[in-house]
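2 protein chains.
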Amino acid sequence: MTSGAPTGAAAPRRRGRPSRTQSDTGPATRDRILQAARDEFSERGYEKTSVRGIAKAAAVDPALVHHYFGTKEQVFEAAITVAFAPALEAPATVEEGPLDGVGERLTRFVLGVWENPSTRAPLLAIVRSAVNNDTAAAVFRRLIAAQLLGRIARRLELPDAELRAELAAAQLVGIAMLRYVIKVEPLASADMEQIVARVAPVVQGHLTGA
Amino acid sequence: MTSGAPTGAAAPRRRGRPSRTQSDTGPATRDRILQAARDEFSERGYEKTSVRGIAKAAAVDPALVHHYFGTKEQVFEAAITVAFAPALEAPATVEEGPLDGVGERLTRFVLGVWENPSTRAPLLAIVRSAVNNDTAAAVFRRLIAAQLLGRIARRLELPDAELRAELAAAQLVGIAMLRYVIKVEPLASADMEQIVARVAPVVQGHLTGA
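Sequence lines, in order, name chains A and G. If you read the first sequence in the UniProt record's numbering, its first letter stands for residue 1, the second for the next number, and so on. If you read the second sequence in the UniProt record's numbering, its first letter stands for residue 1, the second for the next number, and so on.
Since the hints were derived computationally from the structure, they do not count as laboratory data. No residue lacks a Cβ here, since even glycine has one placed at the ideal position from N, Cα and C. Honestly, I wouldn't trust all of these hints.
[Unchecked claim] DSSO-like, lysine-lysine: derived pairs with alpha carbons at most 27 Å apart:
1. A:K48 - G:K56
2. A:K56 - A:K183
3. G:K56 - A:K56
4. A:K183 - G:K56
5. A:K48 - G:K48
6. A:K183 - G:K48
7. G:K183 - G:K48
[Unchecked claim] Computed list of chain A residues with no C-beta within reach of chain G, every gap over 12 Å:
8. G45
9. E96
10. F109
11. N133
[Claimed, not checked] According to the in silico footprint, chain G covers these stretches of chain A (three or more CB under 8 Å from chain G):
12. 62-76
13. 137-145
14. 168-175
15. 182-196
16. 201-207
Only chain A is shown next, with the shape it has when bound in the complex (with noise of 0.2 Å):
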């Protein structure tokens, strides 16, 4: 996965010291800090991250980091938005095309982002931060509940949808949970086809059902 220069999003709040004099600002600057934050974060999780680390680890002074992006919870919220990028787009995908089969087209959506090494790595240590720390919690459940929970609930145009929508996504963080983190037997294994005919039913019953 690339690390492309996010344009959209909020403007990057300025904290600190300028740094205005430092020769490397730019925007090659600010990927390196955008990339080195989420090695940081990946590796660590959220609560043993330090700025002062990632200023480390992109070579650069603590308070560029802080003129770029702001506090550490919001270099957090910065560098999931652009590891999930794909991940925060998809709801187009899944939203697309026929009601009836968005519960498939979920489940393939999710299992898809886990089974790829790419994008299950910075998404354990996003789940390891959430679980752990109440900061990196509330900062999970703005981007995939807010974003992707509710963008598909919008779809559904139903009272109850963003309970629907959340109990799907249960049903999808449980099977990932068990496969992909504690890596229950035989879930851990199973066939992703076998896994898909049994869930996305039920995703879709959460979604659509009576």
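On the provided structure of chain A, position chain G as indicated by the hints.
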């Protein structure tokens, strides 16, 4: 929840100095160590807890902790086993009764354990430890998967019973994650009966459906 001395289970592995000379041996000391272990693991998680720290909290020599329980992994397993004695007994109540009500009984049992503050805290500690540490994950697998799910799977008498039990568990694990750990709304504040009404049929379907 009381911490009655577990009798069955594996005999304590003896390691380090025998510590027979210490005055404070006996079941009361063993219980005190186990209680200290539960508290330490609950508070710090698996990785940050040490046998030395447990010994200090129980006011005994670290050798005595090794004497009664063996390695840190074995202390962890003993502490979990005691904390979840009620939960690990519970499959009996889940298994009993008609098979077509097992989905609702398992759903109510798991949500009940999470709703109860005295079991939620140690459970959260175990989940955190299992997500962060492979050794703790292995202990979790042995206890929960092998014992709780294994017994339910045997009751089903179906060729893919284990996978069915794990997919059912995944739905409940995911709800626990989103409702109690990440605290996603509206799921976190949803009425328990509303959740049971939507989830019990799914769990039942995984266990006994087509």
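Now the hints, each set against the structure:
| no. | hint | in the structure |
| --- | --- | --- |
| 1 | A:K48 - G:K56 | 25 Å, holds |
| 2 | A:K56 - A:K183 | 34 Å, violated |
| 3 | G:K56 - A:K56 | 37 Å, violated |
| 4 | A:K183 - G:K56 | 34 Å, violated |
| 5 | A:K48 - G:K48 | 12 Å, holds |
| 6 | A:K183 - G:K48 | 22 Å, holds |
| 7 | G:K183 - G:K48 | 25 Å, holds |
| 8 | G45 | 8 Å, violated |
| 9 | E96 | 24 Å, holds |
| 10 | F109 | 16 Å, holds |
| 11 | N133 | 10 Å, violated |
| 12 | 62-76 | violated (count 0) |
| 13 | 137-145 | holds (count 4) |
| 14 | 168-175 | holds (count 7) |
| 15 | 182-196 | holds (count 9) |
| 16 | 201-207 | holds (count 3) |
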